[in-house]
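2 protein chains.
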Amino acid sequence: MLAGTVSCPDWVIAQEAEKRMKTIFQLADELGIAKDEIIPYGYYMAKVDYQKLYSRIKNNNNGKYIVVTAVTPTPFGEGKSTTTIGLTQGFGKRGKKVSCAIRQPSAGPLMNVKGSAAGGGLSQCIPRTEFSLGFTGDINAVMNAHNLAMVALTARMFHESNYSDEILCKKGLKRLDIDPKRVQMGWVIDFCAQALRKVIIGIGGKKDGIPMESRFDIATSSELMAILSLVKDLKDLRERIGKIVVAYSKSGNPITTEDLEVAGAMTAFMVSAINPNLIQTIEGQPVFVHAAPFANIAIGQSSIIADRIGLKLSEYHITESGFGADIGFEKFWNIKCRISGLKPDAAVIVVTLRALKYHGADRDAPKIIPGNPLPEEYVLKNFKWLEKGLENLFHHVKIVRKAGINPVVCVNKFQIDDIDELEFVKKTCKEVGIPAAVADHYEKGGEGALELVDIIIDVCRNKSQFKFLYDINLPHISKIELIAREIYGADSIEFSPLALEKLKNINSNTDFSDFSICMAKTHLSLSDNPELRGVPKGWQLFIRDILVFTGAKLIVPVVGQINLMPGTASDPNFRRIDIDLKSGKIIGI
Amino acid sequence: MLAGTVSCPDWVIAQEAEKRMKTIFQLADELGIAKDEIIPYGYYMAKVDYQKLYSRIKNNNNGKYIVVTAVTPTPFGEGKSTTTIGLTQGFGKRGKKVSCAIRQPSAGPLMNVKGSAAGGGLSQCIPRTEFSLGFTGDINAVMNAHNLAMVALTARMFHESNYSDEILCKKGLKRLDIDPKRVQMGWVIDFCAQALRKVIIGIGGKKDGIPMESRFDIATSSELMAILSLVKDLKDLRERIGKIVVAYSKSGNPITTEDLEVAGAMTAFMVSAINPNLIQTIEGQPVFVHAAPFANIAIGQSSIIADRIGLKLSEYHITESGFGADIGFEKFWNIKCRISGLKPDAAVIVVTLRALKYHGADRDAPKIIPGNPLPEEYVLKNFKWLEKGLENLFHHVKIVRKAGINPVVCVNKFQIDDIDELEFVKKTCKEVGIPAAVADHYEKGGEGALELVDIIIDVCRNKSQFKFLYDINLPHISKIELIAREIYGADSIEFSPLALEKLKNINSNTDFSDFSICMAKTHLSLSDNPELRGVPKGWQLFIRDILVFTGAKLIVPVVGQINLMPGTASDPNFRRIDIDLKSGKIIGI
Chain Y
1 MLAGTVSCPD WVIAQEAEKR MKTIFQLADE LGIAKDEIIP YGYYMAKVDY QKLYSRIKNN
61 NNGKYIVVTA VTPTPFGEGK STTTIGLTQG FGKRGKKVSC AIRQPSAGPL MNVKGSAAGG
121 GLSQCIPRTE FSLGFTGDIN AVMNAHNLAM VALTARMFHE SNYSDEILCK KGLKRLDIDP
181 KRVQMGWVID FCAQALRKVI IGIGGKKDGI PMESRFDIAT SSELMAILSL VKDLKDLRER
241 IGKIVVAYSK SGNPITTEDL EVAGAMTAFM VSAINPNLIQ TIEGQPVFVH AAPFANIAIG
301 QSSIIADRIG LKLSEYHITE SGFGADIGFE KFWNIKCRIS GLKPDAAVIV VTLRALKYHG
361 ADRDAPKIIP GNPLPEEYVL KNFKWLEKGL ENLFHHVKIV RKAGINPVVC VNKFQIDDID
421 ELEFVKKTCK EVGIPAAVAD HYEKGGEGAL ELVDIIIDVC RNKSQFKFLY DINLPHISKI
481 ELIAREIYGA DSIEFSPLAL EKLKNINSNT DFSDFSICMA KTHLSLSDNP ELRGVPKGWQ
541 LFIRDILVFT GAKLIVPVVG QINLMPGTAS DPNFRRIDID LKSGKIIGI
Chain R
1 MLAGTVSCPD WVIAQEAEKR MKTIFQLADE LGIAKDEIIP YGYYMAKVDY QKLYSRIKNN
61 NNGKYIVVTA VTPTPFGEGK STTTIGLTQG FGKRGKKVSC AIRQPSAGPL MNVKGSAAGG
121 GLSQCIPRTE FSLGFTGDIN AVMNAHNLAM VALTARMFHE SNYSDEILCK KGLKRLDIDP
181 KRVQMGWVID FCAQALRKVI IGIGGKKDGI PMESRFDIAT SSELMAILSL VKDLKDLRER
241 IGKIVVAYSK SGNPITTEDL EVAGAMTAFM VSAINPNLIQ TIEGQPVFVH AAPFANIAIG
301 QSSIIADRIG LKLSEYHITE SGFGADIGFE KFWNIKCRIS GLKPDAAVIV VTLRALKYHG
361 ADRDAPKIIP GNPLPEEYVL KNFKWLEKGL ENLFHHVKIV RKAGINPVVC VNKFQIDDID
421 ELEFVKKTCK EVGIPAAVAD HYEKGGEGAL ELVDIIIDVC RNKSQFKFLY DINLPHISKI
481 ELIAREIYGA DSIEFSPLAL EKLKNINSNT DFSDFSICMA KTHLSLSDNP ELRGVPKGWQ
541 LFIRDILVFT GAKLIVPVVG QINLMPGTAS DPNFRRIDID LKSGKIIGI
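First to last, the sequence lines map onto chains Y and R.
All the letters of the first sequence, read from the start, carry residue numbers 1 to 589 under this note's numbering.
All the letters of the second sequence, read from the start, carry residue numbers 1 to 589 under this note's numbering.
These are computed hints drawn from the structure, not numbers from a lab.
One or more of the hints may lead you astray.
Which copy is meant is left open, so a pair is good if it fits within one copy or across any two.
[Claimed, not checked] Under the rule of at most 25 Å between Cα atoms (straight-line distance), these lysine-lysine pairs were calculated in the DSS-like manner:
1. Lys174 to Lys19
2. Lys430 to Lys181
3. Lys402 to Lys467
4. Lys367 to Lys235
5. Lys585 to Lys243
6. Lys430 to Lys35
7. Lys207 to Lys367
8. Lys35 to Lys19
9. Lys232 to Lys52
10. Lys22 to Lys52
11. Lys343 to Lys381
12. Lys444 to Lys171
13. Lys367 to Lys170
14. Lys381 to Lys444
15. Lys427 to Lys206
16. Lys582 to Lys58
17. Lys206 to Lys343
18. Lys384 to Lys398
19. Lys206 to Lys181
20. Lys35 to Lys582
21. Lys22 to Lys35
22. Lys35 to Lys585
23. Lys58 to Lys585
24. Lys444 to Lys504
25. Lys504 to Lys207
Generate the whole structure from the sequences, applying the supplied hints.
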């Protein structure tokens with residue numbers, strides 16, 4: 001997102017473009033999807049009946065698979081969604097059959113500081129407001145399914161405390177003897193709510209549940225959302241949901257959603273969510289939307305299902321993985337691609353002048369604070385900072401190359417940017433053998449991304465030598481070490497006593513041996529400390545806690561001070577959102 | 001709902017009927033709604049663009065307005081939704097242009113004991129599962145809008161505790177100085193979660209909010225849901241939302257959503273929810289669905305907007321108000337009709353043999369426990385209990401007559417019911433001058449409701465002498481007394497010290513003087529004690545607490561032990577809900 005750099009707000013541009021939108025039926029038809037393979041939500045959005053569609057197209061050849069990642073972003077973001085959309089529009093301009101897959105925005109950042117994830121300027125997807133706010137209900141489905149597990153857990157604990165084994169037996173229930181000190185799951189809500197990070201529940205009277213500590217995370221970080229990103233089909237979804245460990249019994253046995261007899265009902269909430277959503281760019285190319293953001297605290301990938309469909313229907317399919325290549329791309333590479341079996345042909349690394357200057361700045365340079373304006377130091381011409389900042393970019397290029405994927409650098413132009421500086425970045429990349437283009441899709445739409453498109457088309461002619469960072473059957477500690485050293489550049493790892501104890505239990509459980517690692521780490525630094533810019537050296541990765549997502553098959557080390565529930569800032573976006581009573585339209589999103 | 005009385009589960013009947021559903025386009029067209037006046041959600045459900053539609057049809061004559069209410073129900077419910085749908089089908093069979101308005105099921109009872117509210121047997125609305133589970137997202141919209149207010153409140157309290165007045169001023173914020181002991185609003189979730197009734201939040205570290213007591217209510221009891229039922233248009237919605245008092249400052253000033261600058265964003269979540277939903281009965285008549293159930297702890301009415309549209313498009317429009325005439329109908333009458341200005345032509349009072357026997361039973365007769373089978377005492381022939389139980393029915397008839405509306409008794413037949421007993425009830429009603437019919441729509445669909453339909457058509461020829469129970473400008477205590485004595489049959493009222501103190505404050509606030517009374521009372525008895533059957537005599541209504549919904553303009557006395565967050569029972573429905581992996585369909589709803 002590039003908020004604040006144009007005279008016309010994004011939502012105004014979007015509303016203008018929406019007057020000329022294709023109907024969803026035309027959009028689907030042009031992409032090769034039949035009318036009875038979509039479930040319209042109004043005349044401009046739809047869910048795609050993936051099972052019906054995929055069974056028809058599964059023998060098509062796959063198109064080229066392009067993933068969009070970025071350097072270590074500033075708190076403003078560097079326009080990765082904008083680039084994904086702009087690139088899609090660019091391929092469209094070149095007459096290529098193209099689609100992209102992005103993630104449904106969470107109401108957390110939308111109402112807080114970051115705003116929507118619909119792109120910006122002349123590279124946006126529409127209908128913007130409907131997409132940004134609730135959309136077709138997938139995040140709500142995840143939230144409700146997740147919280148239903150907690151309702152089942154807490155109600156069961158309560159009833160077991162009231163009833164004898166005999167009465168439980170009459171009701172067809174076996175005592176699970178859940179340990180209130182070993183509940184793994186929390187509740188979720190799709191907002192940034194620091195006040196709910198740690199709560200005590202069940203403190204009413206004797207009919208009001210069992211007192212215990214609990215927590216709320218943001219809904220997009222739910223294990224169910226990770227499952228939605230990774231799932232193959234409905235059967236896979238049902239099985240994975242049933243394997244989610246909600247808590248442990250007092251004797252140490254895992255209590256799953258299946259034990260609570262709630263896995264079927266949870267899946268029922270998600271039957272519709274498994275179908276990817278379809279909308280369009282403001283230039284009329286198809287945009288799949290599926291799963292959710294937050295590659296820092298969650299998997300943060302668009303879904304495998306959306307990519308599978310896009311690849312079968314398009315010559316070029318562009319997918320987005322959140323934040324920098326250290327977290328979003330690393331998860332795309334070692335988790336998502338491992339499960340999907342798909343091999344990307346190119347990785348676009350988005351970089352901005354401001355991010356490079358931020359990473360290359362002197363030690364006493366001002367901080368960038370979300371909600372405050374960008375300090376002018378990061379706008380003024382400064383080749384010294386820029387050049388130094390390239391270290392961060394080159395580190396991300398190295399990460400992409402470790403995957404055997406061909407990188408392409410996209411220098412994402414802002415209106416205020418200096419041409420010489422832009423060209424300097426591009427030239428320096430080329431000098432060290434990295435294909436690069438300056439892209440101006442924010443201001444010019446697809447037209448502004450043509451140089452980038454042409455380079456990508458060229459790069460895609462070379463086959464990738466795709467390989468994983470780690471063998472899935474390595475000990476977990478080795479997988480974590482590989483990510484810490486090879487990707488983040490850490491010297492060593494320190495575990496908290498809690499994390500160490502959990503790691504021992506995890507290691508001894510052979511059920512977990514083929515689980516992937518899904519780090520929860522700040523996106524604002526390659527390190528675990530959001531203050532460290534550039535390419536931090538001589539630091540130790542601190543693992544505070546480890547979660548195990550038994551349904552998603554993920555080990556989730558929680559590093560540094562990262563929190564699965566973000567906080568709402570003092571000047572949040574919701575202050576500026578309202579309704580235009582004349583048109584009935586929402587303004588400010 | 002009449003679960004358990006047929007060999008074939010409701011959802012199987014529904015799935016069969018869904019094979020022959022009209023498309024939403026055909027359904028809308030037959031009702032006189034244009035294609036561009038609906039927003040399809042798939043091919044069989046839609047939202048109706050009420051503003052566009054209403055502005056076109058507002059000069060049409062209104063059809064006859066029929067409200068469906070009931071005797072004091074058993075915990076199983078007496079088939080009010082089934083009767084509403086069956087009646088709609090019956091009018092259809094008679095060749096009348098008909099529509100009905102029901103409420104969107106809450107996931108609370110759906111996943112707990114009561115199940116869906118789609119009707120049952122051969123009187124259902126379809127698509128049943130989609131309708132029952134999430135539908136077009138209105139309850140989620142209410143939940144998110146409501147919780148956003150709490151996010152705004154708790155984040156504001158947190159930031160005010162960290163920042164000086166000067167820093168707040170720089171951010172354009174004025175210190176609100178919110179009193180953590182006088183927060184009025186809680187959080188909401190659309191489940192029955194006793195463990196969340198009373199919670200402590202903000203107990204993490206120094207970045208994790210302000211410690212304070214809080215609570216979660218069921219989403220359908222949110223003030224926002226009351227507003228959705230009562231609202232006239234988007235402007236009215238925006239204004240009402242802005243008036244919601246979330247908390248009080250330490251100096252006693254009300255803090256509204258407008259003060260928190262969150263009212264616009266809350267409204268943004270509800271822009272789509274204000275449009276009523278359209279589906280069909282299994283015999284193809286139009287069913288509007290809007291707002292939510294829980295007439296005990298909430299207003300529990302289908303919306304004014306849905307009724308306004310239905311009346312303009314149909315000869316007969318049937319609307320549903322929840323539970324018995326003492327609560328659902330009383331709120332319909334004195335709150336909803338006062339705001340809408342609409343005057344009902346007839347009120348159908350649904351009664352069942354089992355409910356009458358339950359109310360007329362001896363003191364030592366078994367209880368009816370949700371989730372357990374119905375004790376056979378209430379099935380076996382028993383004229384003594386039946387006759388005694390009629391007192392309850394006659395009390396509800398009296399309530400309806402106080403409104404000046406003509407009552408019609410619907411003896412809702414179950415397959416196991418005894419014909420002599422059914423005829424006895426009908427005959428006894430007629431003897432005392434109450435039009436009555438035995439209706440068998442559960443087993444026979446619209447055909448089974450024809451006798452009832454004909455009586456209603458006849459009754460609607462006589463003009464109602466509609467009048468309110470209380471003048472809106474009476475002192476609140478007088479309004480409450482009128483409801484307690486005239487409707488519930490209480491001898492007197494007792495206030496808790498808390499309620500008394502709140503009442504004083506409310507009385508002294510002239511802003512509240514035209515607020516209606518929206519009692520929160522058990523639906524299982526005319527009294528405030530769910531154990532007291534029939535027509536309890538010589539009892540005192542206990543008012544425990546009083547809430548003020550400043551946006552909905554409602555004073556909400558909380559009586560007896562009623563709780564705004566129901567609990568999940570030990571044998572909840574979610575145990576029996578799952579996915580049929582072959583068809584991809586949800587089973588058990």
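Here's how the hints hold up against the structure:
1. Lys174 to Lys19: Neither: 59 Å inside a copy, 40 Å across copies.
2. Lys430 to Lys181: This pair counts as neither: shortest intra-copy Cα distance 56 Å, inter-copy 63 Å.
3. Lys402 to Lys467: Within. Shortest intra-copy distance 8 Å satisfies the 25 Å Cα cut-off; inter-copy 79 Å does not.
4. Lys367 to Lys235: neither (48 Å within a copy, 42 Å between copies)
5. Lys585 to Lys243: For Lys585 and Lys243, only the inter-copy Cα distance (21 Å) is at most 25 Å; the intra-copy one is 43 Å.
6. Lys430 to Lys35: neither (46 Å within a copy, 55 Å between copies)
7. Lys207 to Lys367: Answer is between: at 19 Å across copies they meet the 25 Å cutoff, but 50 Å inside does not.
8. Lys35 to Lys19: Both, since 22 Å and 18 Å are each at most 25 Å.
9. Lys232 to Lys52: within (14 Å within a copy, 42 Å between copies)
10. Lys22 to Lys52: Classified as both: same-chain Cα gap 23 Å, cross-chain 21 Å, threshold 25 Å.
11. Lys343 to Lys381: neither (39 Å within a copy, 72 Å between copies)
12. Lys444 to Lys171: Neither: 65 Å inside a chain and 33 Å across chains, both beyond 25 Å.
13. Lys367 to Lys170: between (63 Å within a copy, 18 Å between copies)
14. Lys381 to Lys444: within (23 Å within a copy, 80 Å between copies)
15. Lys427 to Lys206: neither (71 Å within a copy, 47 Å between copies)
16. Lys582 to Lys58: Classified as between: cross-chain Cα gap 19 Å, same-chain 47 Å, threshold 25 Å.
17. Lys206 to Lys343: neither (56 Å within a copy, 45 Å between copies)
18. Lys384 to Lys398: This pair counts as within: shortest intra-copy Cα distance 22 Å, inter-copy 87 Å.
19. Lys206 to Lys181: both (19 Å within a copy, 23 Å between copies)
20. Lys35 to Lys582: Classified as between; 23 Å across copies, 34 Å inside a copy.
21. Lys22 to Lys35: For Lys22 and Lys35, both the intra-copy (14 Å) and inter-copy (17 Å) Cα distances are at most 25 Å.
22. Lys35 to Lys585: Classified as between: cross-chain Cα gap 20 Å, same-chain 28 Å, threshold 25 Å.
23. Lys58 to Lys585: Close across copies (22 Å), not inside one copy (40 Å); limit 25 Å.
24. Lys444 to Lys504: Result: close neither inside a copy nor across copies, 54 Å intra and 63 Å inter.
25. Lys504 to Lys207: For Lys504 and Lys207, the Cα distance exceeds 25 Å both inside one copy (38 Å) and across copies (30 Å).
Comparing the model with each earlier hint shows violations of hints 1, 2, 4, 6, 11, 12, 15, 17, 24 and 25; every other hint is respected.
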